[in-house]
Amino acid sequence: MNKGLRLALNILIAVGVIYAILLIGPVASFDIPIIAGEIAKNPLQLVQYLIIGVANGAIFALIALGYTLVYGIIELINFAHGDVFMVGVFASLTVLSLTGTLNTTNPVHIILGLVLALILAIVICAVLNAAVERLAYRRLRNAPRLAPLISAIGMSFIIENIGLIWAGQSWLVPSFGTSGGAAQKNFPDLLGTMFTSLNLNQNLFTSSGIHLRITITGLIVIVLAGVFMLGLRFFIQSTTLGKAMRATAQNRDAAKMMGIDIDTVITATFLIGGGLAGAAGLMAGLYNNTAWWFMGFRAGLFAFTAAVLGGIGNIEGAMAGGFLIGIIASFSDGYLDARWTEGWVFAILVLILMFRPTGLFGEQVGEKA
Amino acid sequence: MSKRLFVLVSLVIAASMLLAACGGAASGKTLKIVSDEPMTGSSLTQTQTIVNAEELRLAQANNQACGGKYTLSYEAWDDATAATGQWDGATETQNATKAAADKSVIAYLGTFNSGAAKLSIPILNQAGPLLMASPANTYPGLTHVAAGITAANEPGVYYPSGVRNYARVAATDDLQGPIDVNFMVSLGAKTLYILDDQQAYGKGVADSVAQAAKAAGINVLGEEGYDTKAPNYQALMTKISTIDNGNPPQMIFLGAVVDSNSSQILKDKVAIMGDNTKVKFMGPDGIFTQAFIDGAGATVAEGAYASTPGLAQKDLNAIGTKFYADYAAKYGPTNEPYAVLGYDLMNGLLYAIENVCKAGGDPSDRATVTKAFMNIKDFQGALGTWSIDANGDITLPYFKIGQAQGGKYVDYGTFSLKK
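Read top to bottom, the protein sequences are chains A and B.
Adding 3 to a residue's 1-based position in the first sequence gives its number in this note's numbering.
Adding 58 to a residue's 1-based position in the second sequence gives its number in this note's numbering.
It should be emphasised that the hints constitute simulated quantities derived from the structure, not laboratory data.
Treat the hints with care, since some could be wrong.
Unchecked claim - Label pairs and their calculated CB-CB ranges:
# : chain 1 : residue 1 : chain 2 : residue 2 : range
1 : B       : Gly464    : A       : Val118    : 27 to 37 Å
2 : A       : Asp34     : B       : Thr357    : 30 to 40 Å
3 : A       : Ser200    : B       : Asn393    : 24 to 34 Å
4 : B       : Gly206    : A       : Leu356    : 38 to 48 Å
5 : B       : Gln463    : A       : Asn109    : 23 to 33 Å
6 : B       : His202    : A       : Gln172    : 36 to 46 Å
7 : A       : Ala150    : B       : Asn393    : 45 to 55 Å
All C-beta atoms, glycine included, are put in the ideal place defined by N, C-alpha and C.
Make a model of the complete structure from these sequences and hints.
Below is the structure:
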């Protein structure tokens with residue numbers, strides 16, 4: 004097929020898709036004049052949705068990094084990764100409860116508790132993720148592609164059930180209450196408590212009279228996520244282990260010939276991915292104030308979608324994909340109908356992949372025979 | 059050799075059949091009652107109290123009926139799976155089929171979720187029919203037509219044999235909607251936003267409330283389904299916070315069960331629109347449970363309203379008051395509203411069985427027990443004096459409304475449409 008014909012075909016497809024959106028749009032409340040009117044009436048709200056989307060997206064992005072790192076190196080979709088994130092939420096809530104942080108208003112106590120929770124959540128999730136690799140994936144590394152995939156789904160169920168049991172242990176965390184493991188658990192708004200006790204307002208814009216809600220918790224989530232992402236980028240680009248990871252991703256056999264210990268590199272990858280999920284766990288807990296055994300499933304699905312959207316194996320892509328999904332979901336909730344939010348996220352994914360099958364930033368996986 | 063083996067095997071089979079026959083004759087004395095509810099998942103806080111209450115009533119009767127002629131056995135089945143954390147269609151169908159096949163079962167007490175009842179009523183309807191009686195189903199279409207809520211083929215589609223075998227002691231959502239709306243009017247609400255979890259029950263209650271609100275002159279600013287697995291609803295709540303020309307609605311109604319991320323909805327609502335005195339919040343029986351308050355946290359939940367079939371503690375009669383005292387003595391105090399419904403369901407079943415015996419009938423015959431339960435008239439129970447009408451609905455149209463106070467639901471009062 005020559006270039007001109009292909010371009011014409013692409014344009015034809017695009018026109019078709021746009022026509023379909025306009026046709027189905029009104030059903031899914033995609034009514035452009037009304038939306039434009041709403042934006043014109045209250046432009047600040049657009050900024051507000053953007054902020055909400057970025058904060059949610061930052062958490063998706065941190066989880067997405069774990070998917071993309073692992074996929075880049077061993078081409079496995081680690082389905083258990085979303086559930087490792089869930090363990091991060093429960094681990095940090097448990098640490099906060101055991102250190103008495105949940106019941107205090109003392110700012111120093113809260114900060115120390117949160118720092119400890121962050122460190123332990125990272126460590127626990129990193130170790131868990133590496134243990135999953137050691138137990139369930141390593142022996143299957145040279146097996147057909149489907150075997151580790153099924154194994155990953157199995158690990159996902161196992162970890163979900165661990166969460167289910169964990170959430171029922173009210174002797175460990177009294178605030179779990181008597182409603183059993185399957186119920187959602189409250190993750191107290193500790194930063195809010197801290198700012199109240201310091202006589203500060205959580206909301207940065209309250210006093211200025213601007214109707215914009217930017218909470219310090221949201222800001223911390225975004226900044227912390229940014230720090231982790233930049234840290235990861237630096238690590239991958241500039242350290243010896245990071246270079247070894249990139250080499251392994253490009254060509255495992257050649258990397259081995261250069262004296263790189265593949266097992267160490269893969270374990271390190273899982274440790275890093277799990278650690279990021281653990282950090283995301285604490286941030287999600289503080290931001291959403293909920294711990295739930297099933298929360299890893301949806302977070303994992305969106306994060307994986309983010310990784311594909313950005314180009315799987317590509318670190319910048321995973322970050323961009325995470326933010327993009329957060330923003331799309333937020334705009335859909337805000338300007339369209341919440342009923343259709345999932346639909347819009349995936350419709351846009353399909354649309355992007357139709358024109359850029361390797362994602363926004365392109366895939367980065369090894370060339371394997 | 060093989061001939062001998064054949065003879066031996068035949069003998070063993072014959073003997074076992076004989077034994078089974080003896081067992082069958084003896085089991086004419088044992089009547090099995092099964093309960094079928096989700097015992098895995100956040101509904102457990104509600105369902106466990108129902109099972110406890112049913113067992114309590116049986117224990118009070120010493121597990122006997124008709125002056126000791128029959129022994130009553132009881133099993134609590136689970137229609138939920140750990141993987142989903144809530145009721146599961148395949149499990150529900152399996153349980154109903156199992157009950158239909160076990161000839162000693164004379165009553166199937168369940169289900170908890172209306173969606174599950176849709177699956178099991180037709181199966182049990184063709185098995186005798188076997189009596190199915192629910193302490194908790196509130197979806198109207200299972201028993202009767204409710205304009206704008208039920209589907210065109212309901213309820214006939216659930217009764218293939220043409221005979222009714224399903225009854226319930228919970229009042230239905232076509233009453234719950236108007237009662238909730240009357241209550242909102244009494245709170246002074248003039249504008250309302252309605253959210254639902256896009257399930258049969260949640261959307262049903264939401265529709266019922268929307269219909270009644272429009273009739274009562276409340277301005278319904280929006281009706282919207284939400285994604286029950288989203289991490290949070292801040293964007294949605296931001297939109298609602300300016301829905302009324304820059305102002306939030308005076309009231310938000312949430313048609314959902316506790317499993318549908320409903321505590322997260324309340325959290326984000328409080329975070330963006332302030333506590334429950336500013337924009338008032340109400341939900342149906344699906345969130346009238348401790349799990350909802352535990353999930354939201356006591357501070358966030360403070361002041362939220364919920365309605366549920368039944369009577370407020372202060373409106374209970376002597377039997378109802380005694381029930382809560384007996385329950386507390388055996389299992390510890392509870393304020394879960396379904397407990398008394400479970401108690402009165404078992405109460406009604408025992409009454410129906412006694413009636414069969416009095417009339418000289420056979421309580422091990424499914425059709426006879428079904429008929430006796432469907433014909434209960436003016437029974438003095440813990441809920442008051444009640445009957446089962448021709449559709450299988452209880453004649454008590456009462457709902458109680460509770461408010462979250464200090465981390466617990468506190469009864470606010472009993473409401474009905476009759477003035």
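Now the hints, each set against the structure:
For Gly464(B) and Val118(A), the Cβ-Cβ distance of about 32 Å falls inside the hinted range of 27 to 37 Å, so the restraint holds. A hinted range of 30 to 40 Å for the beta carbons of Asp34(A) and Thr357(B) is consistent with their spacing of about 38 Å. In this structure, Ser200(A) and Asn393(B) meet the distance hint of 24 to 34 Å, their C-beta atoms being roughly 32 Å apart. Distance hint check: the CB atoms of Gly206(B) and Leu356(A) are about 41 Å apart, consistent with the given range 38 to 48 Å.
For Gln463(B) and Asn109(A), the Cβ-Cβ distance of about 28 Å falls inside the hinted range of 23 to 33 Å, so the restraint holds. The given range of 36 to 46 Å is respected by His202(B) and Gln172(A), whose C-beta atoms sit roughly 44 Å from each other. A hinted range of 45 to 55 Å for the beta carbons of Ala150(A) and Asn393(B) is consistent with their spacing of about 51 Å.
When held up to the earlier numbered hints, the structure conflicts with none and fits them all.
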